[in-house]
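Protein sequences, first through last, are from chains A and B. Mapped onto the numbering used here, the consecutive letters of the first sequence carry residue numbers 218 to 340. Mapped onto the numbering used here, the consecutive letters of the second sequence carry residue numbers 1180 to 1313.
Hint data in this document are derived by calculation from the structure and do not stem from the laboratory. For clarity, every value in this text was computed on a predicted model and none was experimentally measured. Don't take each hint at face value.
Listed next, with one range per pair, are the computed distances between beta-carbon atoms [said to hold, decoys possible]:
| id | chain 1 | residue 1 | chain 2 | residue 2 | range |
| --- | --- | --- | --- | --- | --- |
| 1 | A | Thr-257 | B | Gln-1246 | 54 to 62 Å |
| 2 | B | Val-1215 | A | Gly-227 | 32 to 40 Å |
| 3 | B | Gln-1208 | A | Arg-220 | 26 to 34 Å |
Ideal placement from N, C-alpha and C gives every residue a C-beta, glycine not left out.
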Amino acid sequence: MDRIPILRMGEFLLVTIQVDMHDQLALTLQDDLTAQITRTGARGVLIDISSLDVVDSFIGRMLGSIASMARLMNAETVVVGMQPSVAITLVELGLTLHGIRTALDVEKGMALLRASAAGRRRA
Amino acid sequence: MPVLKEETVAIGSDADVVLVRQLVRRRAQELRFSLVDQTKLVTAASELARNALEHGRGGEMLLQVLQDPPRSGLRLVFADQGPGIANVELAMKDGYTTGGGLGLGLGGAKRLVNEFAVESTPGKGTRITVTKWH
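Next up, chain A with everything else stripped away, as it sits in the complex:
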């Protein structure tokens, strides 16, 4: 079965979504990511959606679920690279992805995760 690869970078997990996801693929990603967080003790998850030219309510809901699940497992999620046309469409659709942290690109997203992990270590 198809799977979206999950890369490990230090204490973070990196997912680049490059295919037009069908629903089952999205659900598999959810399962794989939560399993990987447990196995690696990752402190953050970065999801790069810059190749996605459509985010509908199903994929939006999946991103929200991943962020909530990861948070319960002590990992932060940052979604990066959303295309402007996708952002415009999502807001008009009524999906504001409330509660999901975002950054413009992978580099800024990683910086956000590092700062957040450092902050939590100090606390």
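Given the coordinates of chain A, work out where chain B should sit on it, guided by the hints.
Relative to the frame of chain A, chain B by itself:
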């Protein structure tokens, strides 16, 4: 109004929802829709195809390329033989869902297109027609 081209896609699995998105994207590109308008129409099509699959037990999409000079447009008709929608007005409201989703499908799709019509007969099925002009 002259219909330049007609195509039908069966919607029987979530892989078909992907096919619907790809076909709508291709035709919208051919008609030189702006990137934002392409994205809006493809997103609306994805919501409605998933509706037909989840609530209508599958169905089909009819795509029509319309010519109404100086405008051109894309009309998508999603038809299923599912249980139908008992209360269309309620179903259009954001947050209303019977399927465990976010309930943004119908109302959200309406905001993404220029014309939107629902015909539904309980017990017989639902037909949703959307049009986007360029």
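Results of checking the hints against the structure:
no. : hint                               : verdict
1   : A:Thr-257 - B:Gln-1246: 54 to 62 Å : 56 Å, holds
2   : B:Val-1215 - A:Gly-227: 32 to 40 Å : 37 Å, holds
3   : B:Gln-1208 - A:Arg-220: 26 to 34 Å : 29 Å, holds
This entry satisfies every hint, going by the numbered hints stated previously.
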